[in-house]
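> Each chain, letter by letter, is given below.
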Amino acid sequence: MLILNCPCCGVTAEETEFHAGGEAHLKRFGPDSSNEDFENYMFMRQNPKGVHLERWRHNNGCGKWFHAARCTMTLEVFGTYSAQTYEPPKEICDLISAKRPGWSWGAFS
Amino acid sequence: MSNLISALDKATDNSGIAKIEEIGLQGMITLRGDLSKAAVKKAATSVTGVEMPTLGHANHDGASGLCWMSTDELLVLCPYDQVADTLAKMHTALGKAHALAVDVSDARASLRVSGPNAREVMAKLAPVDLSPEAFKPGMFRRTRMAQVAAAFWMVDDATFQIVCFRSNAQYVFDLLKVAAQNGSEVGFFK
Ligand SMILES: [Zn+2]
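Going down the list, the protein sequences come from chains A and B.
Read left to right, the first sequence gives residues 0 to 108 (numbering that gives the first Met the number 0).
Read left to right, the second sequence gives residues 0 to 189 (numbering that gives the first Met the number 0).
Chain B on its own, in the form it takes in the complex (with noise of 0.2 angstroms):
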């Protein structure tokens, strides 16, 4: 068996006003479908053991969660050595329903920011309002961060949790160390 690894290999930052790291192997399962069937409300919630999220919201438990993609879409998160298992129980769950359930894990990438800075590096890269008013955690938001697409939620209020494609993960790591530079700090939140 090769040695699986992700793709910065857990890289980490502590240079700059915020943490960067990327989070290595994470299970994705991409699950379209109509999302008020129950058939597909099934298959993600009973393999995740979270509620279905509602619309701009993702819910998790740990390394399980739904985040709402789209008004057809989910992702499901779920440890990336349980990903066949899980999409097993999925397909078994949808039965006959018209949806699709396809493994995701390795065309994507997840970084963390975290720290008191985090808020202000990630509003510098994605037109998204981040004020702590505006964006909790709980919610779950795709965008872009500078060129490239990317989502993401909060862990906790002082922690973002990012999703990108695989491909781009160097670039969207570089771009947070740019972000975070020392003395880069706008104090726009505080």
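Chain A extracted, bound-state conformation (with noise of 0.2 angstroms):
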């Protein structure tokens, strides 16, 4: 089981307070796309075994939707972050490194 801190409320609680929102950090790709960018955007996801970016929302608390970065694999969680980025802030990055150096997630290490 997760144990998530909610960045916009500060409550910590383990993941049945919240609600999973699957990959983070995604390019939307529109109607004017080609059918390639659209099918990426739309069915293609990293699916990781280690370290991932997923987005996350407080459903049973403030409302609010924030970043997780976590390990698939142990359920370790590094750190949460706020929604409001196209990127994850170095900190986090940082703290990620501590734990798994040489990581790398998308175009993110």
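These are computed hints drawn from the structure, not numbers from a lab.
The reader is advised that the hints may include incorrect statements.
Label pairs and their in silico Cβ distance ranges [what the hints assert, rightly or not]:
(1) B:Gln180 / A:Phe107: 26 to 32 angstroms
(2) B:Val101 / A:Leu74: 38 to 44 angstroms
(3) B:Asp155 / A:Ala106: 33 to 39 angstroms
(4) B:Val147 / A:Glu75: 28 to 34 angstroms
(5) A:Gly9 / B:Asn2: 40 to 46 angstroms
Small disclaimer: the values here were computed from a predicted structure and weren't measured.
Glycine residues also receive a C-beta, built at the ideal position from the N, C-alpha and C atoms.
Join these two chains into a complex; the hints should help.
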């Protein structure tokens, strides 16, 4: 079970107070995009073993969305951060690097 | 005028290790907006007579109070028969500020759990650290109770007040009754 801290309201609770919202930092490809870009955006996901960046929502709490960096293998949560960003902030990357040196995820490392 | 009654019409259960009661009609107004804006603060504090609550807290004075729901939402409590007046005053205070104030009193139910085992009964149902060191009167928590959304605070050290959706009132009442069954003390907080 994951223990998550909501960066919006400060509450730390186990995952049943939250709801998973899928992979983080997707770039949307809309109506004028190519079929390939749209397919990638719509269907293709990383599904990594190890470091993963996800969107979560504090649905039984403050109701806000946020991001979480965690390990899919050990369920360790490296940290949570604001939803209002296109990339993980440096302090989160540093926290991951401390535990998983040499990690990479999409365009981030 | 029809006779207004709350979801469970003040049902009470005193058969277990804590007293459970549905406490009747409570005025509730949802206020959404930028909580740092003067007009929003004034709309909330002027009608309740309590100060703005800080993150994760609630301030109460009898049936009136302010509960911190999220970064842009407050739950304004007032006596049920004063909701219309309170709402009118809030709209005046808000003026042109970008905010929303809506009467949600009849969409909700209010329950209380009291007695020396109240903490234990609540702790069985919500994923919240309810040890006396971690959760104290003055704090406010939105969470779930078993399968439904709920919010609660402590009126005093042995009394929880719960807000849930009106349609979930019977579920929450029954849930609390089961969690308060005789002989089900865990003794975790003693
Ligand atoms: Zn939250």
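> Indicate, hint by hint, whether the structure satisfies it.
Against the structure, the hints:
1. B:Gln180 / A:Phe107: 26 to 32 angstroms: Since glutamine 180 (chain B) and phenylalanine 107 (chain A) have Cβ atoms about 51 angstroms apart, the given range 26 to 32 angstroms is violated.
2. B:Val101 / A:Leu74: 38 to 44 angstroms: With Cβ atoms ~39 angstroms apart, the hint holds.
3. B:Asp155 / A:Ala106: 33 to 39 angstroms: violated, 53 angstroms
4. B:Val147 / A:Glu75: 28 to 34 angstroms: Because 30 angstroms falls inside the window, the suggested range holds.
5. A:Gly9 / B:Asn2: 40 to 46 angstroms: holds, 43 angstroms
Figure legend: structure checked against the earlier numbered hints; hints not met, in rising order: 1, 3.
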